[in-house]
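Visitor: One letter stands for each residue in the lines below.
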Amino acid sequence: MSEPRTQPSGLTKWVVTLPPTIFLLAFFLVPALIVVLAGFRETGEFGGLAPLPQLSLDAYRFLGGDVIYLEIFARSFLVAALTTLICIVLAYPLAWLIARSPKQRRDFLVLLVILPFASNFLVRIYAWIMLLGPVNLLYTPFAVIVGMVYAHLPFMVLPLYTNLEKHDPALLEAAQDLGANAWTRFWRVTFPLSLPGIFSGSALVFIPVLGMFAVPELLGGTGDILIGNLIKEQFLENRDWPLGSALSIMLTICVLLLAGLTAWGSKRGLHGTEAVT
Amino acid sequence: MTLLEIRNVTRRFGSLEAVKDVSISIEAGEFFTLLGPSGCGKTTILRMIAGFDEPDEGEILLDGKSLAGVPPEKRPLHTVFQSYALFPHMTVAGNIAFPLEMTGKSALEIRRRVDETLALVHLEDKADSFPHELSGGQKQRVALARGLVNKPRLLLLDEPLGALDAKLRVEMQIELIALQREVGITFIFVTHSQQEALALSHRIAVMKDGRVEQCDEPDQLYTQPANRFVADFIGKINLLDVEVTASSKVLLSLRAAGLGEIAATDPRPIAVGERGVFALRPELIRVFGHREAADLKNRFEGVVRELLYLGDVTLYKIELANGALIEALMPNAAPGRAKFHEVGDAVGVCWRHDAGVYLRS
Numbered sequence: 219m220s221e222p223r224t225q226p227s228g229l230t231k232w233v234v235t236l237p238p239t240i241f242l243l244a245f246f247l248v249p250a251l252i253v254v255l256a257g258f259r260e261t262g263e264f265g266g267l268a269p270l271p272q273l274s275l276d277a278y279r280f281l282g283g284d285v286i287y288l289e290i291f292a293r294s295f296l297v298a299a300l301t302t303l304i305c306i307v308l309a310y311p312l313a314w315l316i317a318r319s320p321k322q323r324r325d326f327l328v329l330l331v332i333l334p335f336a337s338n339f340l341v342r343i344y345a346w347i348m349l350l351g352p353v354n355l356l357y358t359p360f361a362v363i364v365g366m367v368y369a370h371l372p373f374m375v376l377p378l379y380t381n382l383e384k385h386d387p388a389l390l391e392a393a394q395d396l397g398a399n400a401w402t403r404f405w406r407v408t409f410p411l412s413l414p415g416i417f418s419g420s421a422l423v424f425i426p427v428l429g430m431f432a433v434p435e436l437l438g439g440t441g442d443i444l445i446g447n448l449i450k451e452q453f454l455e456n457r458d459w460p461l462g463s464a465l466s467i468m469l470t471i472c473v474l475l476l477a478g479l480t481a482w483g484s485k486r487g488l489h490g491t492e493a494v495t
Numbered sequence: 002m003t004l005l006e007i008r009n010v011t012r013r014f015g016s017l018e019a020v021k022d023v024s025i026s027i028e029a030g031e032f033f034t035l036l037g038p039s040g041c042g043k044t045t046i047l048r049m050i051a052g053f054d055e056p057d058e059g060e061i062l063l064d065g066k067s068l069a070g071v072p073p074e075k076r077p078l079h080t081v082f083q084s085y086a087l088f089p090h091m092t093v094a095g096n097i098a099f100p101l102e103m104t105g106k107s108a109l110e111i112r113r114r115v116d117e118t119l120a121l122v123h124l125e126d127k128a129d130s131f132p133h134e135l136s137g138g139q140k141q142r143v144a145l146a147r148g149l150v151n152k153p154r155l156l157l158l159d160e161p162l163g164a165l166d167a168k169l170r171v172e173m174q175i176e177l178i179a180l181q182r183e184v185g186i187t188f189i190f191v192t193h194s195q196q197e198a199l200a201l202s203h204r205i206a207v208m209k210d211g212r213v214e215q216c217d218e219p220d221q222l223y224t225q226p227a228n229r230f231v232a233d234f235i236g237k238i239n240l241l242d243v244e245v246t247a248s249s250k251v252l253l254s255l256r257a258a259g260l261g262e263i264a265a266t267d268p269r270p271i272a273v274g275e276r277g278v279f280a281l282r283p284e285l286i287r288v289f290g291h292r293e294a295a296d297l298k299n300r301f302e303g304v305v306r307e308l309l310y311l312g313d314v315t316l317y318k319i320e321l322a323n324g325a326l327i328e329a330l331m332p333n334a335a336p337g338r339a340k341f342h343e344v345g346d347a348v349g350v351c352w353r354h355d356a357g358v359y360l361r362s
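Each protein sequence line maps, in turn, to chains A and B. Quick note: the first sequence uses the numbering used here, first residue 219, plus one each step. Quick note: the second sequence uses the numbering used here, first residue 2, plus one each step.
Okay, chain B solo, but in the shape it has when bound:
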């Protein structure tokens, strides 16, 4: 069931088009993420959903009804702000009780719901503390509790984990997933961190310059990026400029200048002679001694130029015959051996014919 529909929304600030003809529909119960670099328009969309801003064109519908002209305080949704925006003069319990008081609940009901929500975010013992007495992670939980306490239809989260340190952020991500599953409220999450988006979301809309570049499930975004921007923005990826030399139903033959033929797959009808980009994830490349497996397809010679030993994996930067540097990620999965190749080693690289993606440019 569609809960929120953003229909052809455009928002201009002076001559700048911050959001350009964006259409997204969000299902009830979904954890939906707007992902993009700063200035891509994701926060503007969030503010328009919350009601702090109105679209210049298009409309936003909640349960099929337009939200145009409905002020923020009348919208059945809450926001968790980047700075948390906790009321400094109220206790934790006072902050969480605030939205309940606004709806005119009885004191008894408010008490019960506040206690319930405090338990949900594991802050039972902080009810009478003031925000300045809390740690970053605790403030974060109070902000979440305040947003969830009167069970809104939709919770908007504006980079809520941005102010936390790396370790705490991972903990909060896990808590956030559990919390969303437990309360069943639809989350719309805004972030510039692709790792965070991949870890948390059911679906992600990748944005750039006010447009949605691709809207899909995390694994689809990762394995089937729609274009160069998405491929590059999400995770690490190698990009090679190629020309299409042959195209059958699903098989594709690409030529990279100075390198040779690359076999790939693509279900789309693609014209021979078209130029594009071949995108390949580092973890899908195999690296081995240069004498091995010489008869494989998609096998090329190269030299290790740099390596980054990360413990569980090693990242190799390998220079190919045409001078292109590609990155290959190898798990250090052999007991007792930390890495397999050294800088300067001549190596062979290879990948399956369905490992990479051809992107039209």
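Isolated chain A (complex conformation):
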């Protein structure tokens, strides 16, 4: 499918890839292993972790023993799914519009999309407190979704725009020429071809939303806490590190499962259109 590329020589490959490899091993893999290990240890007398020799499954037993954790997981995935869906619906027309605007305007419009990142995230969420407070929507599930969508929308717009911008306009003309109206042209040509963009945008929204604790904490009510809040609580307030670690591991496993499932599904979907339309 792709053109054969010249392979760099063995030595160059090592020199180029060594620094990132060391970085990832030291600062990504090792901490992850520490977290996994922490999940099987016990809480120390003053919180944190007890001295090493004792290993136990207490944290996981505790997790399985209370249905509230399952509920919070389910709610988190629901919020993440809903946020992703709303982001797709809002970002699609926007990305399409940017991709269709004249070339010299596109960069400016993309800049506008990422401009909010120039100000502090917490400040922007506090702004929503001011906006939602007077209309009595603050500390509701609605407020949480609004905040989540607001915070993650650019992560959906950018990959979608990158995808839509590459579409060959001749394909739409061909579809129209062959008898397809605007609606059919979208669902049979534009949409299926934009699926890779939707997939990468969804990954960039769904996964961060699962771990997000600031938005539910600031905008949500007491019943709106998500996994992110729960994990943060274990480490900072309850000082129950084994439980916090166990929760993190559970979350990671769920996300990996979901990512694997999506990758498998998209590989099948991107070939035949029948699966898509």
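Source of the hints: derived by calculation from the structure; they are not laboratory data. Please note that the accuracy of each hint is not assured.
Below 35 angstroms or equal to it, Euclidean Cα-Cα: the simulated DSBU-like pairs (lysine-lysine) are [stated by the list, open to error]:
1. A:384 x B:127
2. B:66 x B:21
3. B:209 x B:250
4. B:168 x A:384
5. B:168 x B:152
6. B:168 x B:66
7. A:384 x B:237
8. B:340 x B:237
9. A:321 x B:209
10. B:298 x B:340
11. B:209 x B:152
12. B:298 x B:318
13. B:237 x B:298
14. A:384 x B:106
15. B:66 x B:127
16. B:250 x A:384
17. B:152 x B:21
18. B:298 x A:321
19. B:66 x B:298
20. B:152 x B:127
21. A:384 x B:318
22. B:127 x B:106
23. B:106 x A:485
24. B:106 x B:75
25. B:127 x B:168
26. B:237 x B:21
27. A:485 x B:127
28. A:321 x B:75
Given chain A's structure and the hints, the job is docking chain B onto it.
Guide: Frame of chain A, contents of chain B only:
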């Protein structure tokens, strides 16, 4: 029977007039070609027929009914795009089925028609391949099949052979002629290649700067070009500036400065003293040793300045007495002899009195 009529169509883009008062009528079953250099307006005309663009003035009629305001998806004609525009996410069969699905045919009918059309373009074994798995020629055939599958009244082809290499292009030309004859659908073909136009078309409209310069059958265009542009654009031709010295009913006497009298024919009444161009195809010029046939009309002395040996033919560039360089093409038809004259040879050239064409300028 006239299928498509383009009536006094003008199209402007800002201050640029891309198409200027063009009128063409195309018969059912015809292979019609719009030929011209890039920017001559041929693609604009094609897009107006397809419905992607509308004329500013004039109208386009299909079966006597105006197409004004009819969107592309409602017009009973299809386009084969220069880039093929195959849907990358659909298989070959999926691409070909697309126009049938748009008309709401049953699944059984679609299957049958797709198989039929795949056989027509010899791609039976590629039904389940994706476009990126095909060669250029195969993509070309899929694009043709997709355009033909639901039997449109008219197929528009926008430089469809432009992306193919020379050898494949000739093969596709032959296939295209056979295909058009077999399906009997009217083709409107756009190209900048005069060779392609001559080889494929029943009729050709030669365009320049938004106007049709001449619209005729290929052999007529070649032998009777209407003006200097057409003469020069189609094939190789020698052009000599001349003045009319005598004119009877069909016979014409022309004088080329520094050369002498040229005898020619022209049925039109032409005034003595008029200035124009005498156009002569290289293959109609005879070249021989300078002592031979000295008493013929239209015989001039010259010197071979360059020659291009092409195997089957040799192209001689000969400088005449007045300094004009003319090209003469001689078939290398004598067994065992590759060429007849060398660079620097003094030669005589001559042509029949009805070989050339007088063009008013």
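Visitor: If a hint holds in the structure, say so; if it does not, say that too.
Guide: We went through each hint and held it up to the structure:
no.	hint	in the structure
1	A:384 x B:127	27 angstroms, holds
2	B:66 x B:21	22 angstroms, holds
3	B:209 x B:250	32 angstroms, holds
4	B:168 x A:384	32 angstroms, holds
5	B:168 x B:152	29 angstroms, holds
6	B:168 x B:66	41 angstroms, violated
7	A:384 x B:237	43 angstroms, violated
8	B:340 x B:237	20 angstroms, holds
9	A:321 x B:209	31 angstroms, holds
10	B:298 x B:340	25 angstroms, holds
11	B:209 x B:152	32 angstroms, holds
12	B:298 x B:318	21 angstroms, holds
13	B:237 x B:298	23 angstroms, holds
14	A:384 x B:106	32 angstroms, holds
15	B:66 x B:127	39 angstroms, violated
16	B:250 x A:384	65 angstroms, violated
17	B:152 x B:21	31 angstroms, holds
18	B:298 x A:321	65 angstroms, violated
19	B:66 x B:298	56 angstroms, violated
20	B:152 x B:127	21 angstroms, holds
21	A:384 x B:318	51 angstroms, violated
22	B:127 x B:106	23 angstroms, holds
23	B:106 x A:485	30 angstroms, holds
24	B:106 x B:75	16 angstroms, holds
25	B:127 x B:168	22 angstroms, holds
26	B:237 x B:21	28 angstroms, holds
27	A:485 x B:127	21 angstroms, holds
28	A:321 x B:75	31 angstroms, holds
Going through the hint list in order, the structure does not satisfy hints 6, 7, 15, 16, 18, 19 and 21.
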